[in-house]
Amino acid sequence: MENKAKIVEVKNLVKNYGTFCAVKDVSFDVFENDVFGFLGPNGAGKSTTIRTILSLIKPTSGTINLFGKSLIDNRNFILSKIGCIVEKPDFYKYLSAQKNLELFARISGNSITKLKISELIDFVGLNGREKDKVSGFSHGMKQRLGIAQTLLHNPDLIILDEPTTGLDPQGIIDIRNLILQLKNEKNKTVIISSHILSEIELIANRMIIINKGKTLVQGGVSELLNSQEIIVVFKVDTVDKALFLLQQSSFSNCEITLQDSSILIHTSTDSIPIINKLFCDNDINVSSIETKRKLEDYFLRLINN
Amino acid sequence: MIIKSTYNELLKIAYKPRSYIGIAGIMIIIAIILFAMKVDGSFYISLITGQFEQSLLFEGTILNGNLIAYIIIQMLIIHVPLLIAFVTGDLISGESAMGTIRLLLTKPVSRNTILLSKFFASCIYTFIVILCLAFMSFVLGKLFFGVGDLIVLKSDGLIVFQENDITWRFLYGFAIAFLSLVTVATLALTLSCFSENSIGPIVTTMGIILLFTIIGSMDVPVFDTIRPFLFTTHMAAWRFFFDDPLNMTHILYSIAILVAHISVLLAIAFYKFNKKDILS
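These protein sequences, in sequence, are chains A and B. In terms of my numbering, the first sequence opens at residue 1 and continues consecutively. In terms of my numbering, the second sequence opens at residue 1 and continues consecutively.
Incorrect hints may have been included.
Just so you have them, the derived chain A footprint on chain B, three or more residues with Cβ under 8 angstroms [stated by the list, open to error]: (1) 2-10; (2) 96-102; (3) 106-112; (4) 221-228; (5) 267-278.
Here are the simulated lysine to any residue pairs, SDA-like style, with alpha carbons at most 20 angstroms apart [to be verified]: (6) Lys88(A) / Phe120(B); (7) Lys99(A) / Lys4(B); (8) Lys93(A) / Lys16(B); (9) Lys81(A) / Gly68(A); (10) Lys99(A) / Met1(B); (11) Lys69(A) / Asp156(A); (12) Lys275(B) / Arg75(A); (13) Lys276(B) / Asp73(A); (14) Lys4(B) / Asp73(A); (15) Lys133(A) / Leu10(B); (16) Lys58(A) / Tyr7(B); (17) Lys275(B) / Ile64(A); (18) Lys99(A) / Gln74(B); (19) Lys131(A) / Lys16(B); (20) Lys4(B) / Gly68(A); (21) Lys275(B) / Lys88(A); (22) Lys93(A) / Tyr7(B); (23) Lys276(B) / Lys93(A); (24) Lys81(A) / Leu104(B); (25) Lys154(B) / Gln74(B); (26) Lys276(B) / Tyr17(A).
Derived, one-sided and incomplete: chain A residues facing chain B with beta-carbon distance under 7 angstroms [to be verified]: (27) Cys84; (28) Leu103; (29) Ile107; (30) Leu264.
None of these hints come from the bench; they were simulated from the model. We put the beta carbon where it would ideally sit given N, CA and C, even for glycine.
This is chain A alone, in the form it adopts within the complex:
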């Protein structure tokens, strides 16, 4: 990580709306060629943080540096290197897809030819519909147009705020593949926000989880999700007996909780056959064994709450 350039550096970001604190002391770094996942339930403060990075919202306190420069002092330079979709891709409905792209190309900071616009329309699969008014576009088509708009000026950093919301399964796969293509083939840095952990897991290499405006955890996706410790859920016919056996065994140090007819043990994958054998040898019928990663369970509980 050390040899990679820091593209985004957010330090102690706070945003208050009157007495309501939308973002409380959030700090994170995004490095070159990262796909950085921004995860949190609805209302966690993801969009506020992203809007602050894009200068749409002024922070109450904290510092934001992009490409090694302060956002406050170098707004136009920084924005010329960013392509983004914030929340949903809204365009001028009374203009055609091509006219919309031409309009944004004109103020994107770089000289963008009509050929480049045609190539992008082709790239996102909207060829043949470029002369149609956006008012007739489906959400998926608008999302594709949003991606084309994002790539217009060949930005170094791409910020996508919940890009798969409202898309059909194929659309989600297309967006996912596109992000990976941007990272792998075009060497772009991508920040993607989502409230779906599995989505982030599939494409991001680093991530942050925030809730109620606070950072809960951040780091490498593989380290965070594939840590040795997992939660194993044994569904058994006699929970009390199973609990007693575990407390008498070498697993007595593990965190054990009961949930209906299931027993939840915080342990490692290697322990599963040993515990299963212990139960079977003591005439406890095991009807199912399910594993949960600790972070996933934590995140799901967060979402459900």
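Model the placement of chain B on the given structure of chain A, informed by the hints.
Okay, now just chain B, sitting in the frame of chain A:
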């Protein structure tokens, strides 16, 4: 960047159907006035000149293109602000309502440039509306009713302007009418910075014009001190060019008040737009 951004704003206005409602409205109203004057114009004129027929002898065609243009401007200057506000009140709030403001403000263009380009686009749109008004009233009026001296009814009597002394008065009159409409456009644009929907700024602009016009027309001493400073008082300043002799003090004072309103409103708009958090 300001030129590119202004071009974009003009493009948006040009492609928005609502932009043509104003121009179409003016054309329809003028067409109706021209038709009515062609059919019943002499009756209308006799209402004006009737009181002077005992003491004055009118020769030639009083109902000519110049008088028609004067009547049309007098009638339309009340309605045109609504048509202008209809477009300019939507320039920022419409972007918020549509969600395009998010995209627009993440481009490497400063908020000042975006607002300034919207202001310039408002001015150009207002100019086009005034041009339509001028063409329809002045050119078509002359085409259908011919030329001749202009008789203007004032509170203290009639003023007759010779045919060769009229065109420049109309040109300057349109120029000052443009300035007053730019004031309305700026008011609508400023209110647009405070709103997330298109209707609010348009209705509020009309409400302010209505309120100020009522205050300006009420003959109550308490309003005497504020009346000279209301922009609505100076929206009819184009009529000063149809005084003889010209009262330059009145004209310059009206221009100063309108320019001051534009400047103050723009300053408020810049402050608000720069401070605004984009939450839509």
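Against the structure, the hints:
no., hint, result
1, 2-10, "holds (count 4)"
2, 96-102, "holds (count 4)"
3, 106-112, "holds (count 5)"
4, 221-228, "violated (count 0)"
5, 267-278, "holds (count 3)"
6, Lys88(A) / Phe120(B), "violated (29 angstroms)"
7, Lys99(A) / Lys4(B), "holds (14 angstroms)"
8, Lys93(A) / Lys16(B), "holds (9 angstroms)"
9, Lys81(A) / Gly68(A), "holds (12 angstroms)"
10, Lys99(A) / Met1(B), "holds (18 angstroms)"
11, Lys69(A) / Asp156(A), "holds (14 angstroms)"
12, Lys275(B) / Arg75(A), "holds (15 angstroms)"
13, Lys276(B) / Asp73(A), "holds (18 angstroms)"
14, Lys4(B) / Asp73(A), "violated (23 angstroms)"
15, Lys133(A) / Leu10(B), "holds (18 angstroms)"
16, Lys58(A) / Tyr7(B), "violated (28 angstroms)"
17, Lys275(B) / Ile64(A), "holds (18 angstroms)"
18, Lys99(A) / Gln74(B), "violated (40 angstroms)"
19, Lys131(A) / Lys16(B), "holds (16 angstroms)"
20, Lys4(B) / Gly68(A), "violated (29 angstroms)"
21, Lys275(B) / Lys88(A), "violated (23 angstroms)"
22, Lys93(A) / Tyr7(B), "holds (18 angstroms)"
23, Lys276(B) / Lys93(A), "violated (24 angstroms)"
24, Lys81(A) / Leu104(B), "holds (15 angstroms)"
25, Lys154(B) / Gln74(B), "holds (13 angstroms)"
26, Lys276(B) / Tyr17(A), "holds (12 angstroms)"
27, Cys84, "holds (5 angstroms)"
28, Leu103, "holds (5 angstroms)"
29, Ile107, "holds (5 angstroms)"
30, Leu264, "violated (41 angstroms)"
Violated hints for the displayed structure, listed by number in ascending order: 4, 6, 14, 16, 18, 20, 21, 23, 30.
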